[in-house]
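**Q** Using the sequences plus the hints, can you model the full thing?
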Amino acid sequence: MTHPQVAERSLTKSQLRRIYTMRQLRWSDNSAINVFVLPNQHVLHQRFAKERLQIFPYQLNRIWHKLTYSGLGVAPTIVESERALIQAVKQTPGSIGYIEDITLKKIQQEHRKTVAEMATSSQKVSVMEKEQKGRSKGVVNVVKIKG
Amino acid sequence: MLSKLKANTAVEVLNIVHDIFSFIGRKSRIQAIAILIVGLSVSPIHAQEDKSSSNSSDLQLHGFISQGLIDVDGSDFVNDDGSLSTELTELGLNASYQLTNKLRLAGQVVYLDGGNRYAQGARVDYALIDWSAFTNENWQANIYLGRFKNNHWLYSSSRDIPFARPSIILPQSVYFDGFRDIAVGSDGIASKISYSSDDYGNFDWQISYGSSPISDEQTTNILSELALGTAEQDYDAQTSLYWQPAFSSWRFGISLLDAGFTYDSVGQSNGDYFFDADFAFQFYTVNALYEGETWEFSGELYQQRFTIDDFYFPGFELDNVGQGFYLQSRYKLTGKMTLLARYEDFYLNKDDKDGKVLEQTTGTPYYFGFHKDITLGLNYDVTSNFSARMEYHWVKGAGRLTPVVVPNIIINDSEDWEMWAVQLMYWF
Chain C
97 MTHPQVAERS LTKSQLRRIY TMRQLRWSDN SAINVFVLPN QHVLHQRFAK
147 ERLQIFPYQL NRIWHKLTYS GLGVAPTIVE SERALIQAVK QTPGSIGYIE
197 DITLKKIQQE HRKTVAEMAT SSQKVSVMEK EQKGRSKGVV NVVKIKG
Chain X
16 MLSKLKANTA VEVLNIVHDI FSFIGRKSRI QAIAILIVGL SVSPIHAQED
66 KSSSNSSDLQ LHGFISQGLI DVDGSDFVND DGSLSTELTE LGLNASYQLT
116 NKLRLAGQVV YLDGGNRYAQ GARVDYALID WSAFTNENWQ ANIYLGRFKN
166 NHWLYSSSRD IPFARPSIIL PQSVYFDGFR DIAVGSDGIA SKISYSSDDY
216 GNFDWQISYG SSPISDEQTT NILSELALGT AEQDYDAQTS LYWQPAFSSW
266 RFGISLLDAG FTYDSVGQSN GDYFFDADFA FQFYTVNALY EGETWEFSGE
316 LYQQRFTIDD FYFPGFELDN VGQGFYLQSR YKLTGKMTLL ARYEDFYLNK
366 DDKDGKVLEQ TTGTPYYFGF HKDITLGLNY DVTSNFSARM EYHWVKGAGR
416 LTPVVVPNII INDSEDWEMW AVQLMYWF
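Going down the list, the sequences are from chains C and X.
When you line the first sequence up against the working numbering, it's residues 97 to 243, in that order.
When you line the second sequence up against the working numbering, it's residues 16 to 443, in that order.
Because the hints were derived from the structure by calculation, they are not lab data.
Each hint can be trusted.
Which residues of chain C face chain X? A few of them, derived with a C-beta cut under 7 angstroms, are:
#, residue
1, Arg114
2, Arg122
3, Asn136
4, Phe152
5, Gln155
6, Thr164
7, Ser166
Ideal placement from N, C-alpha and C gives every residue a C-beta, glycine not left out.
**A** This is how it looks when you write it as structure tokens:
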């Protein structure tokens, strides 16, 4: 998932890999990429690294440690929980992060529920829809991973 | 949210600092920790500022704290009396600030105590301006100005970062602690050009030019207590190339180093034992690294050339070519536990591998001509940023002990020596 203002709607596996190994630092519009991750021992981080990036989590750690503690560059920002990661991605322009499918579905369900509640509680549906469109800025983009 | 996390981290770190050091009452250590605490207490304030800015990662603060115990039997590697030592302290605090889209400031202060291994105290590890000269999907070119770290060998940039290096004590033939302050980095200019593609893999080409200040303690460590003059590094030029084939578990590297030093004697009439001198050092390495899911292999193979002009007496000349290698294997027993085994073999003169000529010509015992080390170790990751480590070394030879030029043959009176060490490390 990315911040809603990020133009990319899909990324190849190698692009994703380059972004997380800090070898690609900018989006196609030249804006900076802000990478967020969960702690190394987090189950979701381990799965994301192995399945999506096809890199072992310890290898990512080494790359990031080298950048952070030798002054060569900047490593991803570590956040403690999936909730915090979603918040961080929502609030940071140019950001990218990952979440579980289940969590994503939950968010989408909650989102739909809010929309529905709002729609039924008001007769001025069209106005509410407009408002909702405005609010949807706070929700993250889901990026497709190709290849 | 982020600011809260940073503030929590700072509190957590302070608690750990307190726990670890409450029973170690060394004045210098406390001073170092005070610096760290001041630094950390600033972090929540900065984090608050971040909240209002659009980019929360403009300022990043990180650091590490580690303390260990080390016991050497049979050499002066850590201390002269061979007793169990707490001189295994490594602390660091760094900041990175994104000034503009293309410019970044970064700096790190470290406090190190390793006994005889290197000068004890705080130092500026790096302080640089990083100019991102060019970047696109495949290419990155950066220029670094200021004090930068040596990034040319497998573990040169992470040698002081306890959790980022493979063992507590690194292979001394490459990462000789006696040369640490000179080899760890330089003041000057460096550049890194990276290329990454699905067809050819990842390439990293680095070049650096600069010099390192040499402290009096370093002069004593390398030369001798009898050297009263000043040693200076005139220049240090290095380049390296790394290649990781596309989607490969292997990575290969090559590095070249050329450095020149001078010694300014205070004169024999003022009690200096030595004469004005020039030293030159060249060092070439090739390395390979394999990173699999449970197994990992790495090794470096190297040749060095060390020349001395004058020094002992005007007209004296020495030209030694030394060679060596180490092979290292790590095995991930579980997600948290890693075992390490390593063999290292190094000799200072390729024409005198057993040191016999050295003994015949200078009277220095033969075992000062080489250094062989068998290491077994264990690392346990308690959490994502807290680890414990222990290791045992069986060493043959005194070729990597200080002082280098005029060795201490009284304490180092045996060919075989051993050491063990344990270390706890926390980072954020």
